[in-house]
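*Asks:* Residue numbers (this note's numbering), protein chains in the order written: chain A, 298 to 794; chain B, 6 to 169.
Possibly wrong hints are sitting among the right ones.
Pair by pair, the computed Cβ-Cβ distance ranges are [to be verified]:
id : chain 1 : residue 1 : chain 2 : residue 2 : range
1  : B       : Ile34     : A       : Ala334    : 45 to 51 Å
2  : A       : Asp623    : B       : Ala73     : 38 to 44 Å
3  : A       : Glu606    : B       : Lys141    : 44 to 50 Å
4  : A       : Ala471    : B       : Glu123    : 27 to 33 Å
5  : A       : Glu439    : B       : Gly13     : 55 to 61 Å
The set of hints was computed from the structure by calculation and includes no laboratory data.
Virtual Cβ for every residue (Gly too), placed ideally from N, Cα, C.
Chain by chain, the residues:
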Amino acid sequence: MQKVLIANRGEIAVRVMRTCREMGLRTVAVYSDADRASLHVAYADEAYRLGPAHAVESYLQGDLIIEIARRIGADAIHPGYGFLSENPAFAEACESARITFIGPPVSAMRALGSKTLARQAADAAAMPRVPGSVTGLADVAEAQRVAAEIGYPVMLKAAAGGGGKGMRAVYSHAELATAYATASSEAERSFGSGEVYLEKLIERPRHIEVQVMADSHGHCLYLGERECSVQRRHQKVIEEAPSPVVDQDLRRRMGEAAVRLALSAGYVNAGTVEFLVDDDRNFYFLEMNTRLQVEHPVTELITGLDLVEMQIRVAMGEPLRLSQQDVVLRGHAVECRIYAEDPENNFMPSPGKITRFLQPAGPGVREDCGVYEGWTVPLDYDPMLSKLITYGATRELAIDRMLRALDEYTIGGIRTNIGLFRRILSDPDFRSAAIDTGYLERLLSGPKENEQESIPEEVIALAVAILTGVSKRHKGAAPSAAASRWKTIGRQEGLRA
Amino acid sequence: MKSWVRIGEKTIRVELPADIMQGGRYPCIVEGRAIEADVTLLANEALSLIVEGRQYRCVLDGDAIVIAGRRYEFAVEDPRALAGRAGAGEGGSGPRAVKAPMPGRVVRVLVAEGDQVEAMQGVVVIEAMKMQNELKVPRAGRVSKVAVLADTTVEAGQILVVIE
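Let the sequences and hints guide you as you build the complete structure.
*Replies:* In structure tokens, the structure reads:
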């Protein structure tokens, strides 16, 4: 393998390219018209245009991507996460074009990609799972029969689903018929399949997932777990590793179950087995993600491994160099997903030009970033700017380090959710790890604690007066490159208000 | 150099020597109190300010200032303009437009012309960056104009709905 095409954009494309470079592999970026100036293009050794901004016309053009890979002699394609990463037809097309797909075999992706098929595989591998149906429900009558069997409350879920779409909690028989209809039509609209299934609702569950890595020689490792309970609208916001509630014994039992599932499906490469864990620390299989996860860095920091390097080596056919005993977890890591969105304004997306970008650094800080100062965040893709990850000997140190790093992070011109992280990381419940998947919604709906105001208003006013006076001067002379029109307008509005 | 800086509810009067941007130590007056400010410009629109031994790195970001990672929105008021604008601004009863806060695609229009709406009622759903956002009216009234159609794209600042 000499040349790898990365069929993705943003921070994950850059992160994959970094490892490729370390391994002496040439890196190939692909891009849409909205991304010509993106960091992942500027980082790559080669770059090829895909098409217009809309993902359907660019990053989801599997045939075009394979055609480019063939033309330029790329040996392998890394799909990152999202886009084509869990698309078996794309993986199959790579195979027939004799291009290595850095991910699982098509058969394993098919077997584990559908949630209902995955539940059947979990049963076959004797994994504990949430009680409920293992096939799609035929109609409301079947839904009512299954719900009566397992008892309310229950959860309706889309078989092809993800991201909370087509999901409904149902607390009584009376609500079921309506919930079934809305979940099914939402699933139909979002995923092109109205198939829904039903399972018992676990109250106040934790979301804990196990990272697995399998080679093509029948070896599979579990690389510890990640705690991903801090979620908003079923989207992860903060992840950490290890989970503060998982001990050695539970880790081994969850890990072995995850490995059993992977091996039973002939899984190869990196994968994540998601579990719900209840108050009594019973764990239930939820689903398997057949790709590299957004939150993989927290696992890398506590294991000292490079998961992308392992993915590439496994895809080359190399056996894993470690045995399970060699996997040692050390310390604690926390990740915050930095988004261009405004938590003060109902999490409204905030695309636009980044006029200032001061990045955190120092001990135990890692930033996986896909943006730079002066770049305009396009509105065509998800609003993730970067992932900030901190590492410390203990959970408390990792959290304190994150708070310090967040204070260093200054992103100007657009709004970000950095303030939200400060609020969560200072919250006593988060700090004592009293979290479940409903934690963040409860925190957000509760009263906002006033941050202890450490900066006197007189000082803020003084700084404002000096800086606005200075820039007025500058404007009169020669406008500097960094003084954007956006700011000028902002200031004029400010003066007028 | 005198200015009135509004931060949140408070308006603070600041008086600076005209040459303060040269950098160095300067006597300033904030709310009638004398303060010595030690000022050094770090970059365009960024400075290090030392007041009574405490150091603050301050970065201007449009209509906000960022100090130690925290954003403070401000407005600098021109004292001469204050007299003329009494009574204007918030609260008036004239027509009020709901504008697109960002470029995006209109997913749904939730009201029709002539509808009565409550304060904070959603009127238009816009999608940008894979997220749907319901835009709300600031106060109750009657919809006098719906200026967009579902499935069309809008620019930031474009008027979507007008309320009377």
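*Asks:* Does the structure break any of the earlier hints, and which numbers would those be?
*Replies:* none
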